[in-house]
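A.B. asks: Taking the hints into account, I'd like the entire structure generated from these sequences.
Here the protein sequences come in this chain order: A and B.
Sequential numbering from 17 applies to the first sequence in our numbering.
Sequential numbering from 17 applies to the second sequence in our numbering.
Please keep in mind that the hints were generated in silico from the structure rather than gathered at the bench.
Hints are supplied without guarantee of correctness; some may be wrong.
Identical copies go unnamed one by one, so any copy, or any two together, can satisfy a pair.
Simulated pairs of lysine-lysine, BS3-like, Cα-Cα distance not exceeding 27 Å [stated by the list, open to error]: (1) 110 x 332; (2) 170 x 60; (3) 246 x 297; (4) 308 x 168; (5) 329 x 176; (6) 35 x 282; (7) 176 x 344.
There are 2 protein chains.
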Amino acid sequence: MSFTFFTPGPAQLYPTFEKHLQTFVTDQLGSISHRSQQYRDIHKFTVDQLRILLNVPASHAILFLGSASEIWERILFSCVELESYHLVNGSFSKKFYDYSNSLNKYAHLFEKPMGESFVASEVVVPEYAELICTTHNETSSGVQMPVSEIHKIKQKNPSKFIAVDMVSSAPYPELDYSLIDTAFFSVQKAFGLPAGLGVWIVSEKCLQKAEYIKNQYSIGAHNDLPTLWKNALNNETPATPNVMGIYLLGKIAEDFNKIGVQNIRKETEQKAALIYKFIEKTTGFTPFVKDKANRSQTVVVANTELVSTDIIKAVKSQGMVIGSGYGKYKLNQLRIANFPATSLEDVEKLIHVLGRI
Amino acid sequence: MSFTFFTPGPAQLYPTFEKHLQTFVTDQLGSISHRSQQYRDIHKFTVDQLRILLNVPASHAILFLGSASEIWERILFSCVELESYHLVNGSFSKKFYDYSNSLNKYAHLFEKPMGESFVASEVVVPEYAELICTTHNETSSGVQMPVSEIHKIKQKNPSKFIAVDMVSSAPYPELDYSLIDTAFFSVQKAFGLPAGLGVWIVSEKCLQKAEYIKNQYSIGAHNDLPTLWKNALNNETPATPNVMGIYLLGKIAEDFNKIGVQNIRKETEQKAALIYKFIEKTTGFTPFVKDKANRSQTVVVANTELVSTDIIKAVKSQGMVIGSGYGKYKLNQLRIANFPATSLEDVEKLIHVLGRI
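C.D. replies: Right, dumping it as C-alpha cells:
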C-alpha cells in the first residue's frame, strides 16, 4: 500500500524526487569527487536556485551542513561571544536555548506556553545579548510568528544579530535579508526530500563576528563559519558533503522556481485555509493555536476529542499518514503538515476521510 | 558512458546499492518518522549488522553522525580534557591534530613525512596526554599502519584512550575492541555508498570521560556523546538523521556479512597485490610507500613518470576513473582505491589499460 504523508518531517517526498534521484544514479553522481568541477557545478547550481527562491542577497552565504540542529550550534559559536536571547514557545525553540547553555553561553529566556506567539512590542532584548533567536515556525505547537514581527524586532534592535529558525516553513516565509542576519532550514520538511542535510543562510557580518570570537575563544573545529565560508567561495565544503542531498535540493528548488515561490506560498495558504476551516467547523476538532494570525501555514495542530492515535490509525487505513501531538500532547493533538509535496486534491481527500471519523 | 570508479572516496558504489535504494523508495522510507518503531527497527538492523561485521562488543556503541570529520571533533570533546597526542603522516591525520588545536586543547605531535608509518616501539606518549590519535589508513599518502602496531601502542599505554581513524579502510582492519576505545569511518569509501554519513564506534569508558568533562567544560551542544548514547539505547539519534544512509549502510553491511568479512579482506589483499605488482614491475610507475608492511590495501598510491593527470585522462577514455595525487603530489602521483565495490575483473581491466599507456 502506498501512503500520502502529512507528517511534519520526515514528510511526503516531492513528486519529482524519484525522477531526480534516477538522474543522480544514472549519472553516477554518488561517485564523483567533492573536489571536482563537476561537484562544484552542482553545488553552485543549488546555491543559485536557493538564492532565487528565497531572495538571498550576495551579502549572505548559503552553506550546507548535516542538520538544522548542527546549525543551531554553529550559529551560537559564530555570533555569540557571551550572551544570547531566546524566544521560546515550544520544544524546538527550547532546544536552541539549551544548545546555548551547553556551550556555556549566558542564554536569556523569554518563554511562553506552547500555542502562543510573540509580538515585537513585548520583546525587550537584554543589553548585552548579542543574538536574538527566533523561530518562525514551531513544529511542536503549530505556532507561526508573523515575518513582520520578526522584522520589527530587528528594526528595534539594529545592533543585535537576529537568527530565524524556518526549519519547517521555508520557502514559505518571505524574509528580508537586509534585516535578517542568519536563517536556516532542513530538507526533510517543505522541500520534500529525505533527511540528512541542513541549509544555513548567513551574512558576512556573522562571519566577521565569528572571526573576532575565534581570535579569543574556540568556536569549534568542525564546520566553523570561517572555514565553511572560505570553502563556499569555491563552491565546496570543508568535509565530504551529502552530495546526493545537495544535488536533489537544487533540483527541487529549480522545480519550485519554475512554479514560482509566490504561487507556492499562495497554494500553501489555500490548503491551510481548507484544513483550518475543517477543524474549526467539525465536532471533535479545534485549532490548538487560538490567535489566527499565529496559526502555522505549514504545520497545522488540532486538539482532538478522540484519542488522536485512534484517528491516526483510522486515517492510515485510508492510505494517509498524519502526525501525533508533540510530547505531552501526543494523545490529544494531531499535527498535519501542509508542505508543497501534498496537493490541494490530497488535502481535500484527507479532510474527507477525517470528516467521516 | 558508464564509468568504474577507482577513486578514494566518493568511490564506486557497491553493486547492490541500486537495488537497496529502490526498496528504500518503494517502501517510502524517506517519509517515515525518525521517532517511529519502523525507524528504530532500521537503526537497530544497521547497528547489529555492523556489530557482526566489525566484531564490536557490547561495551561499545555504534553511533551515526554527519561525517567522519564531525566525529574527530566529538572524540576530542569527549575524551580530551586538556591534552591529546597525534601520530601525523599525511593530510587527514594532520586535520585531526588541527581540530584539537581549534578546540583549544594542547595537542602533542609526532610527525613523519608522507609515505612513512609508525611502529609502536618509537611511540612515546607524553605523560599528560589523555588520547592517542592514530590513522589506520592515510588516504592522502596510501600508508596503512599495521593493526598490530596500533594494538601494541595501547598495550604500552593502557591508561590512555586510543582512537583509530579507519575512514578509508573499514571493514578491512581487524581491530580488537578490548584494546581500541574508539574508531570511526565514513560510508563513501569501502562501503560504496553516497557520502553524508559518519559512523562512530565508541566505548562506555569514553562516555564516562565525556560525562566527567561535561561537568567542568562545554563538550559542545550538538551530538555530544552522552546525548548520542542515551538516544542510541533506544535506537534513535538526537536530531533527524540521514535515514537513507543508515538504511543503505545496514543493507550493504548485511551483504558483506553474507560474503563474510574474512573473504572480503582476502579479496582486498589479492586485488591490492595485483596492483602493487603492476606498479613495481612497470616502467613509469613506482610505489610511493617504500616499506611493504605499510602499503595500504585499500588506497594504493603510485609515483608516475608521466604527468598523472594525463594518465587519468587516458584511463577515463577507457571508462575508468582513478584519483590524482593529494595536495603537492597532485601531478606526479596516482591514487587507486581498492574497495569491495570493484571486482578482481575490474582491477585486471584497469591494470591492462594502465599497462598500455
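A.B. asks: Flag every earlier hint the structure violates by its number, smallest first.
C.D. replies: Going through the list in order, the structure violates hints 1, 2, 3, 5 and 7 and respects the others.
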